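Could you put together the complete structure from these sequences and hints?
Chains as they are written, first to last, in numbering that gives the first Met the number 0: chain A, 0 to 580; chain B, 0 to 198.
Because the hints were derived from the structure by calculation, they are not lab data. It should be emphasised that the depicted structure is a prediction, and the values quoted were computed from it without experimental measurement. Do not take every clue at face value.
To be verified - A few chain A residues that face chain B, going by a derived Cβ cut-off under 7 Å, partial list only:
1. P25
2. Y27
3. R160
4. D386
5. K507
Note that CB positions come from ideal geometry on N, CA and C, so glycine has one too.
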Amino acid sequence: MTTPAPAETLDLAARFPGAVSADTRPGYTGWIVTPEKLLEFAQFVRDELGYDYLVNLCAVDYLPENRMEVVYNVFKTTGGPGLTFKTWAPRTDPIEIPSVISIWPGADFQEREAWDLYGVKFIGHPDLRRILMWEGFEGHPMRKDWQEAFYDEDVKPFKRRWPDGKHVYAEKRAVYGDNINFKPGFDPEKWTPTDPEEALYKSLKKYKSETTDGIETDHIIVNMGPQHPSTHGVFRAVVVLDGETVVSLKPVMGYLHRNHEKIGERNTWLQNMPYTDRLDYFNSMTNNWGYALAVEKLMGIPVAERAEYIRVIMAELSRIQNHLILIGMLLNDLGAYFTPALYAFEERELILDVFEAVSGSRMMCNYFRFGGVVRDIDEDSLRKIKDLVFDRLPRKIEEFDRLLTENEIIVSRLKGVAPLTAEEAIAYSMAGPMLRASGVPYDIRRADPYGIYDRFDFDVAVRYNGDMYDRYLIRVDEMHQSIRILQQAVKSIPEGPIASQKPSYTTKVPPGESYGRVEGPKGELGFYLVSTGKPNPWRYHVRTPSFVNLTALEKMCIGTKIADFVAILGAVDIVLGELDR
Amino acid sequence: MMTGKGILKGLGVTLKRFIDTYLDDLRWWGKRYYTPEGIAHRSSKDAKGVFTIQYPEEKLPVPEEFRYKPFLLYDEGPNGEQNIRCTSCGICAKACPPQCIWIVRGTDPQTGRPVPQPAGFWIDADICMSCGFCAEYCPFDAIKMDHNYEVASYTRNLMDINDLLKPVSYYASIRPLNYAREEEARKAKEAAKAAKSQA
Ligand code: SF4
Ligand code: SF4
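If you want it as structure tokens, here you go:
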């Protein structure tokens, strides 16, 4: 791997005079581009500088400066640090920014999200519909001047709680409706909605009927979900079928949307930690890590040495149980009803026992703190972990391998199905196992290391066919690598303190921005944060792998059978908690 | 490669597990279920066969650090009085992420000045996310996380101070290590204080 030239030495301002300037706000980095030159700049950054991988795109509402900013975090798939650039427009509707979808197709859903939640119109986006809210929703709920129905105050802690905190139920205080502001001239009584589904159905590839061999055949539209056992939660896909073959597909999501990011901006820095547990609720340990990492970057604080090891141990255990469940559930999707899934659950239970003993909860771990972790691993748990990583788990992963890998039915259902080439995977901003199964050896633990991963000996798992079978195999490979890391970590974990900071419920965070990214079991989990030096974040954005990885869902499904769609979705490994946020 | 070999290999795995279940049952001869050792065995690295805990007849023991809903502590006085530890400082209410703790600070009826006793304390347990921050940051060890997870009810769970209060002896029984550690720290602090006032 060649070390890329550090972004600071590039003088992009000189390359684009008048259109690009360095972001000199204290605590900020990267470049500010005018919307007019955005596409030219993006093209240059991708083609000349090699930042081929757009991982994060999000809007930031700088209400006091009357400025709506869009932030782009791009990286090179060959590794190394990333480049951040921003563009902005005045905060008066319509807010128009060119879409970068032609340069990075992975911007698709992320731009739709920014449109939905912030009202940024991306000119040139072919299908700019709402994505998390429903079509017909009024307003853009992430804007700083938007208030939820049970609005209390802008930021926590709320004054109503102490010292004169006589309890009242929220609905008694703010009867639903009181907090809703209607546009001038809008009368809810007279309002008739346009069919919110109309735009969705229009976005599908044209329905057609044709006559072949004298027989009239129709395409049919099938709604898979939102209540469907194979969608792993409340997720829906609208599919146009020609016989059993998928012609067009649009995912519909947001049924579990709770405006997580808005809650995050009302919370104090620390209060967000348990909320991150609820993103990918299978992997609260890695969610905690991603958030802690971004805040630690902003604060510029070190992490206690022992805590670094504990973090690695917890994250890798989490990865193993995630992959086990993924494989078990994938087999469910293929029709092997619950035997592999329940085998997987057994090992997962043993791992969750450890999580519960150290953190107090099996799934909502809330275990990380800025600068360390909340409490030490006790002797008993450490012994249990050793038993697992030296004895039980290698045995069991091998058993899974024997159970499934060569099974002829599995092989024929998976081999060659829904392939994605390396170029496509990069273009669609795929992350994690999905990217590596397509032959791109990109793993943040190696490409842009965090924590102490540089001290461990392990290989980045990679497979080259990009089909469903490789998506299965890559998970098995990754479990083996995780075991390797764990064996080294439990052997070399040093004694010492588990936090570099004194425990405190308040956090001083200097002004600035940061993007913290970890290699979650499902792919890149990133947190983009903006601090104004106050006790609460100004911007709290989560880039979740479940969400971005679905960008390529339609691409993968077209031409496959409807029964395969279920398995393809399963192999993406989505979890609705982080998909819908 | 012979077609079907992979399937047979897989079937071998399931068959082995099937047999193991009965072997393990035999080995434990009736003790595998409904006994603490049996439950411990079924959640150990050597577990084979049926994992399932037969809830509610059997219950998985919870570790000391397990957290569910918070409760308030009182020290038992010599005459059975309840000395509430909480000083109504408000730290837990400020730290609480979903803001489900409501406290009315106590005031002296004569002077109107704050006194270190809550005049009202509620936790809206339906909103509580069991994060444990209140217990983590309370400077007086006055609020701790309970182990009781069987709290389902037909009505909403707004807990007032009477629902919340439990004796310190209960706390010591569910979290013995934490309790011992805190007592030690308290004694050390008091000793240091006494030494200082003597000097
Ligand atoms: S429980 Fe603890 S933190 Fe909360 S008000 Fe009482 S003394 Fe303060
Ligand atoms: S456990 Fe967390 S959510 Fe529940 S009352 Fe305590 S601080 Fe609030």
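Status of each hint after checking the structure:
The beta carbon of P25/A comes no nearer than 28 Å to any beta carbon in chain B, farther than 7 Å, and the hint placing it at the interface is violated. At a threshold of 7 Å, the smallest CB-CB gap from Y27/A to chain B is about 28 Å, leaving the interface hint violated. Hint status for R160/A: holds, given a least beta-carbon distance of 5 Å to chain B, under 7 Å. Satisfaction of the interface hint for D386/A is found here, the shortest Cβ-Cβ separation to chain B being roughly 4 Å, below the 7 Å cut-off.
At its closest, the beta carbon of K507/A sits 15 Å from a beta carbon of chain B; the interface hint therefore is violated under the 7 Å criterion.
Checked against the numbered hints above, the structure breaks hints 1, 2, 5 and satisfies the rest.
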